[in-house]
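Chemist: Please work from the sequences and hints to get the whole structure.
Residue numbers (the numbering used here), protein chains in the order written: chain P, 1 to 312; chain W, 1 to 243.
For the record, the hints were derived by calculation from the structure and aren't laboratory data. Keep in mind that this is a model prediction, so the values were computed, not measured. It cannot be assumed that every hint is accurate.
[Unchecked claim] Straight-line alpha carbon distances no greater than 27 Å define the calculated DSS-like cross-link-like pairs of lysine-lysine that follow:
1. P:Lys308 <-> W:Lys132
2. W:Lys135 <-> W:Lys185
3. W:Lys185 <-> P:Lys308
4. W:Lys135 <-> P:Lys308
[Unchecked claim] Taking CB as the label site, the calculated pair distances span:
5. W:Glu133 <-> P:Leu108: 35 to 43 Å
6. P:Leu271 <-> W:Asp122: 45 to 53 Å
7. P:Tyr28 <-> W:Asp82: 55 to 63 Å
8. P:Arg109 <-> W:Ser141: 54 to 62 Å
9. P:Val78 <-> W:Ser60: 56 to 64 Å
10. P:Pro300 <-> W:Ala2: 49 to 57 Å
11. P:Gly165 <-> W:Ser57: 47 to 55 Å
12. P:Ser236 <-> W:Ser57: 27 to 35 Å
13. P:Leu108 <-> W:Asp11: 20 to 28 Å
14. W:Asp82 <-> P:Val274: 51 to 59 Å
15. W:Gly30 <-> P:Arg109: 33 to 41 Å
16. P:Gly270 <-> W:Gly140: 30 to 38 Å
17. P:Ile279 <-> W:Ser143: 50 to 58 Å
Even glycine gets a Cβ: it sits at the ideal position worked out from N, Cα and C.
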Amino acid sequence: MRAVPFVLALVVVACAIFGVGRAIGSSYAFFLGYVVVQYIVLGTAWNILGGYTGYVNFGVTAFFAIGAYSTVALYKLVPAMPLPVMVLIGGAMAALVGLGTGYLTLRLRGVFFSIATLALAVVVQTLITNWDFVGGARGAYVLRPKLAPLIGGEYVQYLFVVMLGLCVIVLATARAIERSSLGYGFAAIRDDEAAAEAAGVPTLRLKLIATTLSGGFMGMAGAPLPYYVTYLDPTSGFNLNYAVNAIAMPLIGGTSSWLGPVIGAVLVGGLQEVLRVTISSAANVLVAGVLMVAFVILAPQGIVGLFKRRPK
Amino acid sequence: MASSLTVANVDAGYAAVRVLEDVSLRVDAGETVALLGTNGNGKSTLMKCIMGIVRPSAGSITATIDGTAHELIGLSTEAIVDLGIAFVPEGRRLFPKQSVLENLQLGAYRPKARAELQRNLDFCFETFPRLKERKGQLAGSMSGGEQQMLALARALMSAPRILLIDEPSVGLAPLLVSRTIDKIKELKEGFDLTVLMAEQNFTQAIRIADRGYVIVHGRIAFEGESAEALNNNDLIREFYLGA
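Modeler: What follows is the structure, encoded as structure tokens:
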């Protein structure tokens with residue numbers, strides 16, 4: 001298939017990044033890398049719905065936290081379960097919620113859909129805050145094993161590898177969508193939904209596919225989080241940072257292509273980490289916010305849009 | 001083989017607002033029928049009912065495609081497009097940020113139409129040479145007349161048997177209106193189509209229509225069995241010609 005060379009290239013890049021991390025040998029490098037790659041996954045997942053079909057989802061934290069809390073619940077039920085299985089289950093839960101949300105809200109268009117997703121985040125947060133089994137408002141501790149399985153070294157290396165693998169899958173999916181009739185259908189919905197329907201594009205079905213994929217991948221991005229932070233409470237799991245970054249990064253990088261969220265996540269995520277270390281961790285959201293405003297005004301097509309000119 | 005359309009006793013509306021009341025009309029095989037009426041009388045709603053975008057509360061809509069009858073009410077829009085009915089929505093409704101070529105490809109989104117994509121594309125470019133010249137251009141950057149041509153061509157990409165056109169004259173200069181109407185006649189003959197066209201521009205519409213209906217406040221007020229009958233009708237004088 002045409003996608004094979006691309007996936008192979010992604011795998012090679014991922015291996016190379018991991019190799020560099022190993023060569024540096026600092027656990028900070030892995031903690032930093034994890035955050036950036038997590039944002040690539042989260043941003044790309046958001047972009048499948050927000051960028052390709054134009055439905056802006058403000059409820060990122062709902063899906064992200066469903067993935068994370070699914071891991072907390074599984075950790076309490078079956079502590080020995082391998083992390084990739086937890087990621088799959090967390091993704092499946094979030095995908096189901098995505099499908100349900102889509103079914104309930106996709107009759108709403110434009111800003112009304114966005115408001116409904118905002119409400120979803122509040123509803124899910126309230127539910128989790130009041131669910132004692134996963135720690136409720138007190139939060140839950142997850143004990144991180146000391147050593148990484150399979151690859152050896154510190155456990156954070158394993159977390160990083162899992163996230164890299166996820167990143168390869170998500171990017172391959174996003175690119176495959178762009179080049180398929182699915183992607184054309186999404187673009188038609190974004191441009192003019194009524195016309196898409198009149199042309200025979202099955203709009204409701206395509207939108208449900210988009211919400212399910214997007215929600216599922218966001219859940220997967222959140223699933224390893226409890227092992228990364230070791231203590232998860234609703235305030236941090238539903239932190240506004242995740243939603244702002246997941247939206248800002250694709251907008252800054254460019255929403256029309258799979259490369260956009262990657263560029264946005266590396267740039268903004270990297271910059272945030274630098275500022276966190278050099279100035280203050282409070283500067284994080286500020287950076288994303290200011291950059292987002294600047295890009296919306298100066299380069300609405302994002303960084304990718306600056307380099308891409310459509311043929312006349 | 002011939003394709004025809006029958007609308008019988010249709011009621012429809014949006015929530016509490018009743019738009020269509022007991023509307024019946026027929027488009028026989030190979031005919032061009034004009035649906036005449038000024039703004040807000042229910043022309044577009046009727047078109048949307050036929051396409052399954054608005055669901056009627058009563059009545060039946062039957063399409064006979066190549067000799068087989070299908071009840072359209074209850075079918076999804078994409079299933080109706082699959083049957084061979086294409087719709088040119090009011091105001092053209094192109095995908096402005098897609099190229100001309102991409103707009104045409106989206107017209108052939110249904111798997112059935114996709115199989116014939118290249119052949120239909122060649123047909124469209126042959127009929128509208130202008131579109132071939134501009135196939136890489138963004139649809140939103142073309143002139144109104146060109147956009148209308150693209151909207152017609154996009155509808156033809158699904159290889160329809162029945163073509164519904166909602167107000168082809170909207171937003172066009174008078175000269176372009178008459179050119180568009182001529183083009184519709186040419187397409188109808190070239191592709192052996194059955195055409196239902198909603199239009200406010202009475203004089204232009206009856207140039208190519210075999211028959212016509214006048215719709216007033218959601219009811220069929222007059223049924224003209226020929227263009228002449230329409231021309232000499234009092235209602236038409238009252239509503240259009242202001243006499």
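Chemist: Run every hint past the structure and note whether it holds.
Modeler: Okay, the hints, checked on the actual structure:
1. As the CA atoms of lysine 308 of chain P and lysine 132 of chain W are separated by approximately 23 Å, the hinted pair is consistent with the 27 Å bound.
2. Proximity of lysine 135 of chain W to lysine 185 of chain W is assessed by CA-CA distance (about 24 Å); at most 27 Å being required, the pair is judged to hold.
3. Taking the CA atoms of lysine 185 of chain W and lysine 308 of chain P, the gap is about 41 Å. The hint is violated against a cut of 27 Å.
4. With a CA separation close to 18 Å, the supplied pair lysine 135 of chain W and lysine 308 of chain P stays within the 27 Å bound.
5. Between glutamate 133 of chain W and leucine 108 of chain P the beta carbon distance is about 40 Å. The supplied range of 35 to 43 Å therefore holds.
6. A hinted range of 45 to 53 Å holds for the C-beta pair leucine 271 of chain P and aspartate 122 of chain W, which are about 51 Å apart.
7. At about 58 Å, the beta-carbon gap between tyrosine 28 of chain P and aspartate 82 of chain W stays in the expected band of 55 to 63 Å.
8. As the Cβ distance of arginine 109 of chain P to serine 141 of chain W is approximately 25 Å, the hint placing it in 54 to 62 Å is violated.
9. Evaluation of the 56 to 64 Å hint for valine 78 of chain P and serine 60 of chain W yields a pass: the beta carbon distance comes to about 57 Å.
10. About 50 Å separates the C-beta atoms of proline 300 of chain P and alanine 2 of chain W, a value consistent with the hinted range of 49 to 57 Å.
11. A beta carbon spacing of about 53 Å between glycine 165 of chain P and serine 57 of chain W agrees with the range 47 to 55 Å that was offered as a hint.
12. The hint said 27 to 35 Å for the Cβ distance between serine 236 of chain P and serine 57 of chain W, and at roughly 52 Å that hint is violated.
13. Range check, leucine 108 of chain P to aspartate 11 of chain W: Cβ separation about 27 Å, and the 20 to 28 Å hint holds.
14. Between aspartate 82 of chain W and valine 274 of chain P the beta carbon distance is about 55 Å. The supplied range of 51 to 59 Å therefore holds.
15. Between glycine 30 of chain W and arginine 109 of chain P the Cβ separation comes to about 39 Å, which falls inside the hinted range of 33 to 41 Å.
16. Glycine 270 of chain P and glycine 140 of chain W have their C-beta atoms about 36 Å apart, which keeps the hinted 30 to 38 Å range intact.
17. The hinted range of 50 to 58 Å is satisfied by isoleucine 279 of chain P and serine 143 of chain W, whose Cβ atoms lie roughly 53 Å apart.
The structure is inconsistent with the numbered hints 3, 8, 12, although it conforms to all the rest.
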